[in-house]
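Trainee: Read off the chains here:
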Amino acid sequence: DGGITQSPKYLFRKEGQNVTLSCEQNLNHDAMYWYRQDPGQGLRLIYYSQIVNDFQKGDIAEGYSVSREKKESFPLTVTSAQKNPTAFYLCASSIVRPGLAFVNEQFFGPGTRLTVL
Amino acid sequence: AQRVTQPEKLLSVFKGAPVELKCNYSYSGSPELFWYVQYSRQRLQLLLRHISRESIKGFTADLNKGETSFHLKKPFAQEEDSAMYYCALSTGNQFYFGTGTSLTVIP
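Chains R and G are the protein sequences, given in the same order.
Numbering follows the numbering used here, in which position 31 of the first sequence is assigned residue number 31; successive positions increment by one, without gaps.
Every number in the numbering used here is 117 more than the matching position in the second sequence, counting from 1.
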């Protein structure tokens with residue numbers, strides 16, 4: 001079954017703990033993204049990566065960290081520095097082909113709902 | 118700065134009525150715009166993109182550079198159109214999403 005998988009679906013953590021969300025894709029996409037989805041705020045970009053071992057901050061990177069050691073994987077760590085970590089987190093991937101915008105369609109995973117108690 | 122505005126958080130229409138979901142953008146470059154849809158209990162997925170000028174599930178969207186708009190339209194709404202709709206702007210390496218419009222089609 002091809003696509004993007006995120007695990008776990010639901011995650012509960014105590015305040016002050018770091019937690020890592022998994023995102024894996026077998027679409028052979030170069031780019032991967034992490035978004036946070038909050039009610040009334042749409043999707044906000046946390047981090048993105050266009051190539052292995054390289055990533056850039058999005059609009060709300062503070063309190064988060066990522067790694068991109070493999071093309072297929074882009075885990076997100078929510079650190080204790082993130083003030084409001086309870087949210088729905090979406091991972092996405094896309095082809096990167098400069099000059100051909102139509103292939104920049106993003107494919108989304110099912111999401112992980114993180115609740116910090 | 119790149120920004121996408123969807124002024125309506127909630128929109129309700131009766132089945133068979135026309136529907137228009139508004140989207141305005143702010144971008145200094147050449148815009149690449151998309152509409153994404155999220156049906157209940159399903160993943161966010163692409164509905165259509167302006168560059169392909171296609172109609173998907175009866176929906177169309179025309180890019181109006183003068184008004185910086187990319188409104189989504191359908192002449193006759195169906196119950197299965199009820200979903201969350203997001204307008205998105207691509208700058209090539211980043212996407213900027215609007216806050217979304219929740220569409221409810223009333224039987």
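Incorrect hints may appear among the rest.
[To be verified] Label pairs and their computed distance ranges (CB to CB):
#	chain 1	residue 1	chain 2	residue 2	range
1	G	Ser172	R	Lys9	31 to 39 Å
2	R	Thr20	G	Ser169	20 to 28 Å
3	G	Glu137	R	Leu117	40 to 48 Å
4	R	Lys14	G	Thr177	44 to 52 Å
Quick caveat, the hints were computed from the structure, so don't treat them as lab data.
Quick reminder that beta carbons are idealized off the backbone N, C-alpha and C, glycines included.
Trainee: The structure should be examined with respect to each hint, and the outcome stated for every one.
Mentor: Here is how each hint holds up against the structure:
Judged by the Cβ atoms, the range 31 to 39 Å given for G/Ser172 and R/Lys9 holds: they are separated by roughly 34 Å. Roughly 37 Å separates the CB atoms of R/Thr20 and G/Ser169, a value that falls outside the hinted 20 to 28 Å. Evaluation of the 40 to 48 Å hint for G/Glu137 and R/Leu117 yields a pass: the beta carbon distance comes to about 42 Å. The supplied range of 44 to 52 Å is met by R/Lys14 and G/Thr177, whose beta-carbon atoms lie about 49 Å from each other.
Checked against the numbered hints listed earlier, the structure breaks hint 2 alone; every other hint is satisfied.
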